[in-house]
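All chains should be modelled from the sequences, with the hints used to inform the complete structure.
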Amino acid sequence: MAQPRIRKPGATGAPGMKLLITAAALATTLGGWAVLARQETPTDLVTVSAPVVAGGVYAPVLRSMSLPEGAPPAQVQAAPQPSLRVVNAPPAVAQPAPMTMTRSSR
Amino acid sequence: MQRLEFRAMGSHMLAILDSDTSEAADILSLVPHWFADWEQRLSRFRADSELTQLNRSPERRVPVSTPVWEVLQLARWAEHASAGLVTPMLLEALETAGYDRSFDVRADACTPLHPPVTRQSPAALTDRRALTVDWHAIDMDPHARSVRLPAGKRLDLGGIAKGWAAHRAIQLLAAYGPVLVDAGGDVAVSGPLSDGSPWPIGVADPAALDRQIDLLMLSAGAVATSGRDYRRWQQNGVWKHHILDPRTGRPAETEVLSATVIAPTTYEAEMAAKVTLILGGRDGLAWLDKRPAYAGLLVLEDGQVLYSLRMQDYRWECGEYI
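Line order of the protein sequences matches chains B and W.
Going by our numbering, the letters in the first sequence line up with residues 1 to 106, in that order.
Going by our numbering, the letters in the second sequence line up with residues 1 to 322, in that order.
If you are wondering where the hints come from, they were derived from the structure by calculation, not from laboratory data.
Honestly, I wouldn't trust all of these hints.
[Unchecked claim] A few chain W residues that don't get close to chain B, going by computed Cβ distances all over 12 Å:
1. Ile27
2. Pro63
3. Trp69
4. Met89
5. Ser146
[To be verified] Rough simulated footprint, nothing fancy, chain B against chain W, three-plus residues with beta-carbon under 8 Å:
6. 43 to 53
7. 164 to 178
8. 215 to 228
9. 299 to 309
Nothing here was measured: the structure is a model prediction, and the numbers come from that model.
Glycine included, C-beta positions come from ideal geometry on N, C-alpha and C.
As structure tokens, then:
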């Protein structure tokens, strides 16, 4: 007597389903990226990129992602120059000559 | 400014008057005569001095002059203030040790700069009773200005007399202008110089007198130095010096080569310098630091220089001085 063929339920139109799943996954990914982009950028994020080989020695390359908040890099303003005034140092005072010397009596 | 130098009391003397008047010159010319008169009264080395006459008259009431009376009062004060370390009762011990004549006439004075300090065995301690003054036993009548010494007691007024002389000279000269008197290294000033600045006074290096180890700025008061670098001699091959420790009756055993002390008056500075030398470096500084009116500088025999807490108020190097 032959075994009955077991058929998976709902398996009608496989190519269409695949397309649906792919589209859903893509949408989720893109949506997630959008959410992340809208969040505040950490100011002190340092990423370490792939090591650069230099002479056979791997050296870490540090890239600072810190940016001053609200200040476009091209418009960093220089700190105002402090106003300097000329100060004449007082002349060194010479040691006065003694009028006399104290010593044990002689 | 006018200055006068001369010798008296076995020491080099100097008087400086910050005035160019003829009156100042006239009074300055009298200073050597004052010191000669005081030496005639106070010196134990003069056979005809008042002090020698008093020492030769035990148990007799002897009238004394005002200078002798005042110095005796100071000697009594110094013994009390020094808890007995500075006393006029060491004449016999000094003569026994060999200090029986003035250094002006000694042929054996002062050769090596650092004679070794002779350490005495504890068994050699002298009976201290012979070295203390029972001032009640010394009859001093203020009305008659007379003194009666008990039998066996003789006095040496030494450094206190010199300190008194410098102080007295300042008192007599101050009316003529700002004045400095240096009586054998005991230096007193009447006040600041005419321009308001302090008197610069050098501290001689006991190991090389032409070298200055510090500069003090004095607007008032006095400075005195006590040392075992000059008045020293050999006796039976043993080096002795003139600062006796009354606790032993022998030259003080101390690592201090010289002690320089600033105080309101010369006799205070003289007393304090002796005490500091006798006590030694650590205890001497502690003794000075307990007395706000005193400031000291000690030179040890290994060359170290130690300062008491208040010495910074007077050292030129420290900038601000009083």
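Tested hints:
{"no.": "1", "hint": "Ile27", "result": "19 Å, holds"}
{"no.": "2", "hint": "Pro63", "result": "29 Å, holds"}
{"no.": "3", "hint": "Trp69", "result": "23 Å, holds"}
{"no.": "4", "hint": "Met89", "result": "20 Å, holds"}
{"no.": "5", "hint": "Ser146", "result": "30 Å, holds"}
{"no.": "6", "hint": "43 to 53", "result": "violated (count 0)"}
{"no.": "7", "hint": "164 to 178", "result": "violated (count 0)"}
{"no.": "8", "hint": "215 to 228", "result": "holds (count 8)"}
{"no.": "9", "hint": "299 to 309", "result": "violated (count 0)"}
When held up to the earlier numbered hints, the structure conflicts with 6, 7 and 9 and fits the remainder.
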